[in-house]
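S.K.: Sequences and hints are given; from them, build the entire structure.
In the order they appear, the protein sequences are chains V and Z. Mapping to numbering that gives the first Met the number 0: the first sequence position 152 is 151, numbers consecutive. Mapping to numbering that gives the first Met the number 0: the second sequence position 218 is 217, numbers consecutive.
Please keep in mind that the hints were generated in silico from the structure rather than gathered at the bench. Just so you know, nobody snuck in bad clues.
Covered stretches of chain Z (chain V as the covering partner; in silico rule of three or more C-beta atoms under 8 Å from a C-beta of chain V): (1) 105-119; (2) 146-156; (3) 166-172.
Ideal placement from N, C-alpha and C gives every residue a C-beta, glycine not left out.
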Amino acid sequence: MLKSIRRWKYLLLGLLLAGLGTAWPRLTHPTPAQPLAFPHALHLRAGLHCTDCHRYAAESASAGLPSVRECALCHARLRTQTPLVRKALAYAQRGIEIPWRRVYRYPASAHLRFPHNMHIAAGFACSTCHGDMRGVTTARLWKPLNMGVCITCHRQYGAKTECQNCHD
Amino acid sequence: MLNHDSPTTVRPRWAMIIDLNACTGCSACAVACRAENNIAITGPGEAAYNGTIQWMRIERTWKGRGRHFQVENRPVNCQQCDDAPCEPVCPVQATYTNAEGVCVQVYNRCVGTRYCGLNCPYQARFFNWFDYTWPAPMEVQLNPDVSLRTRGIMEKCSFCIQRINAAERQAEREKRPLRVDETQPACAQSCPAQALLFGDIDQPGGRFSANWRDTGLETLLPEVGTQPKVRYARRVAPPRSVLAAVPNSPGAEVEA
Chain V
0 MLKSIRRWKY
10 LLLGLLLAGL
20 GTAWPRLTHP
30 TPAQPLAFPH
40 ALHLRAGLHC
50 TDCHRYAAES
60 ASAGLPSVRE
70 CALCHARLRT
80 QTPLVRKALA
90 YAQRGIEIPW
100 RRVYRYPASA
110 HLRFPHNMHI
120 AAGFACSTCH
130 GDMRGVTTAR
140 LWKPLNMGVC
150 ITCHRQYGAK
160 TECQNCHD
Chain Z
0 MLNHDSPTTV
10 RPRWAMIIDL
20 NACTGCSACA
30 VACRAENNIA
40 ITGPGEAAYN
50 GTIQWMRIER
60 TWKGRGRHFQ
70 VENRPVNCQQ
80 CDDAPCEPVC
90 PVQATYTNAE
100 GVCVQVYNRC
110 VGTRYCGLNC
120 PYQARFFNWF
130 DYTWPAPMEV
140 QLNPDVSLRT
150 RGIMEKCSFC
160 IQRINAAERQ
170 AEREKRPLRV
180 DETQPACAQS
190 CPAQALLFGD
200 IDQPGGRFSA
210 NWRDTGLETL
220 LPEVGTQPKV
230 RYARRVAPPR
240 SVLAAVPNSP
250 GAEVEA
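M.R.: Here is the structure:
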């Protein structure tokens, strides 16, 4: 009797720790609410590619977020009457950007720079870190952003692990 | 030390030769460094307590009297010592010499004990006592490749490691070895007299490595034994006994 209680205790503790472990990135980095529920899935199903909008990913350190004017380029003709598009076009007409909130971010104290272009040049797909966006509306934190994740991958693929390679 | 790079790749060893005869003391290097590396302007209040941040400074000395009066301008940055006194005293290993010989400062590791600054014989390390801000139009010229140091962090010359990294990444993307003339720090780039030469000590057959090896370069405070990788070149007049033996030598009228 006593022995079985003790065993249950450890099982419960293990479950609790496992649950906390999986929930931890979501607790520490909650996905912020966006001003507009941009459907990534719809755009990708329509045949667009990531770099059609995040167009600097292959050439530059930052992937780039498209201006609302770029939304208006296509949506001047396409699906102009759906509520989401009308909301976006209203931003475009007022001449202000949609105040997107950053999902993949680092604290300033990390003193970190992530070059998208190097990772794409090395042959990694966007989904390696950002997950499969074909089933997603607005972006969510698919991979916990901590140094362990970075270093594990850098070691696995023989990339540089010197501090100043990323923290400069 | 963590280094997972392939042992077969030859990494350069960066160094700098500063030509004291060419330097006019114009301070272009100091200004270029400040612009490139987002160095904070600490203001007059801090300056009164010796709290200015200046990765590259000009030290001016006067020599001689009358017509032998001479001014010497010596640009002094972090001397990138091979045997750096700042490194062993850091309790968190926030500063170390990397595989390319650059004594790097890892800002995110630094906890601000300031031991390194106290142990640096060249006063080349600077502490951020406060969070410094840039007045309104000046924040647009901040370099996006360099992080802004926050309060409680030690900083120093990094040989413009962001430029070295950028050049190495470019070479890596183009799948070719790095050319050593591809990168140079902001100070060397801006020097109108080309008094600052930046290069690779180990480059086989290179002009810089030959200069480094063969010319008698002087180090700052050689008695502390830090073996710096920033060295100073100076034209030295031969002693009078030698000059007397050489008729019509061009150096004769200088010393006479």
